[in-house]
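Engineer: Based on the sequences and whatever the hints tell you, model everything.
Residue numbers (the numbering used here), protein chains in the order written: chain B, 1 to 172; chain P, 1001 to 1094.
Some hints could be false.
A partial selection of chain B residues facing chain P, derived with a Cβ cut-off under 7 Å [said to hold, decoys possible]: (1) PHE19; (2) TYR22; (3) GLN23; (4) ARG28; (5) ARG32; (6) THR44; (7) VAL45; (8) PHE48; (9) LEU111; (10) ARG112; (11) LYS113.
If you are wondering where the hints come from, they were derived from the structure by calculation, not from laboratory data.
All C-beta atoms, glycine included, are put in the ideal place defined by N, C-alpha and C.
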Amino acid sequence: MDLLQRFAAGDVDAFESLFRQYQGEVYRWIVRIVRDAAAAEDLTVETFWRAYKGHAGFRIDASFAAWLRRIATNMAIDHLRRRREYVELPEEIAAERKPDSAVQQETRLALRKAFADLPPRLRVVAQLGLVEEESYPEIAQALGISPLAVKLRMFRAVRLLRKKLQRWGMHP
Amino acid sequence: MNDPVSPMSGGTAPEKPNGAASKEDEFVELRRKLRDALPPLSQPELRRDLWPEMLRRMEQRPVRVPWFDWALLAVAGVALAFFPGLIPALLYHL
Chain B
1 MDLLQRFAAG
11 DVDAFESLFR
21 QYQGEVYRWI
31 VRIVRDAAAA
41 EDLTVETFWR
51 AYKGHAGFRI
61 DASFAAWLRR
71 IATNMAIDHL
81 RRRREYVELP
91 EEIAAERKPD
101 SAVQQETRLA
111 LRKAFADLPP
121 RLRVVAQLGL
131 VEEESYPEIA
141 QALGISPLAV
151 KLRMFRAVRL
161 LRKKLQRWGM
171 HP
Chain P
1001 MNDPVSPMSG
1011 GTAPEKPNGA
1021 ASKEDEFVEL
1031 RRKLRDALPP
1041 LSQPELRRDL
1051 WPEMLRRMEQ
1061 RPVRVPWFDW
1071 ALLAVAGVAL
1081 AFFPGLIPAL
1091 LYHL
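Structural biologist: Spelled out as structure tokens, the structure:
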């Protein structure tokens, strides 16, 4: 019996092997959505816990990584629903940025605020597509929707961001 | 990583009407500003093994009421149903 078959049958050793193999990948995916290292660790554990509880529902001919990513994305969206404010990233994981003027700083803060106000299902698409530059098919697979639906959500997210910035008197 | 497609882009047509081109430019500009405000993560590596955490999560059991407590409750319920006169006595002792 291979690893996935054993996992689907409820074997804890198989689950541990899969956990060790995929924990980094799941964490990286979640932290890019929630942008909070501690929350991403908790959500990684919760993702695997859900996978473990739902082992009987896993189809062994399907991709385990894709299945996990889908669970992880849903967990991350739930997290964004609960906590909507922007969290400043620790310096060691944030990309380097040059110092800039007060005006740019103001624009940046407004954008962060507008972004945090987006509905979570639009925010996750904008985060992955605009900031992290993931492709639409990849985002679609993680959300369990079509690439066209991703495109529509992206369009709505951009429109909402623009509206909000215009309302605050900023040119987006 | 693949380059995402702008929601305003209409395909690979070489010439676009001015309106579409300007929307495309606006989109690119917004994306640039957004990436400046929310910089993409450089190296989001997991710094510790989460398996011990996972084990703790798996060992957490939901709170369970022992079967004896349920049996006691059932006996009390039946007794009160058959002997309603016990209710004031029970309330007095509570």
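Engineer: Each of the hints needs a verdict: does it hold here or not?
Structural biologist: Going down the list of hints, with the structure as the test:
Against a cut-off of 7 Å between C-beta atoms, the interface hint on PHE19(B) holds, since the closest Cβ of chain P lies about 6 Å away. Look at TYR22(B): its Cβ only gets to about 11 Å from chain P, farther than 7 Å, so that hint breaks. At a threshold of 7 Å, the smallest CB-CB gap from GLN23(B) to chain P is about 5 Å, leaving the interface hint in force. The beta carbon of ARG28(B) is positioned within 7 Å of a beta carbon in chain P (closest approach about 5 Å), and the interface hint is therefore held.
Because the beta carbon of ARG32(B) sits about 6 Å from the nearest beta carbon in chain P, less than 7 Å, this interface hint is met. Hint status for THR44(B): holds, given a least beta-carbon distance of 6 Å to chain P, under 7 Å. Restraint check, VAL45(B) versus chain P: the minimum CB separation of about 5 Å is within 7 Å; hint holds. Residue-level restraint check for PHE48(B) holds (minimum Cβ-Cβ distance to chain P is 6 Å; threshold 7 Å).
Using the Cβ-Cβ criterion of 7 Å, the hint placing LEU111(B) at the interface with chain P is satisfied: the shortest such distance is roughly 4 Å. Checking ARG112(B) against chain P by beta carbon gives a least distance of about 5 Å; that is within 7 Å, so the hint holds. Restraint check, LYS113(B) versus chain P: the minimum CB separation of about 10 Å is more than 7 Å; hint violated.
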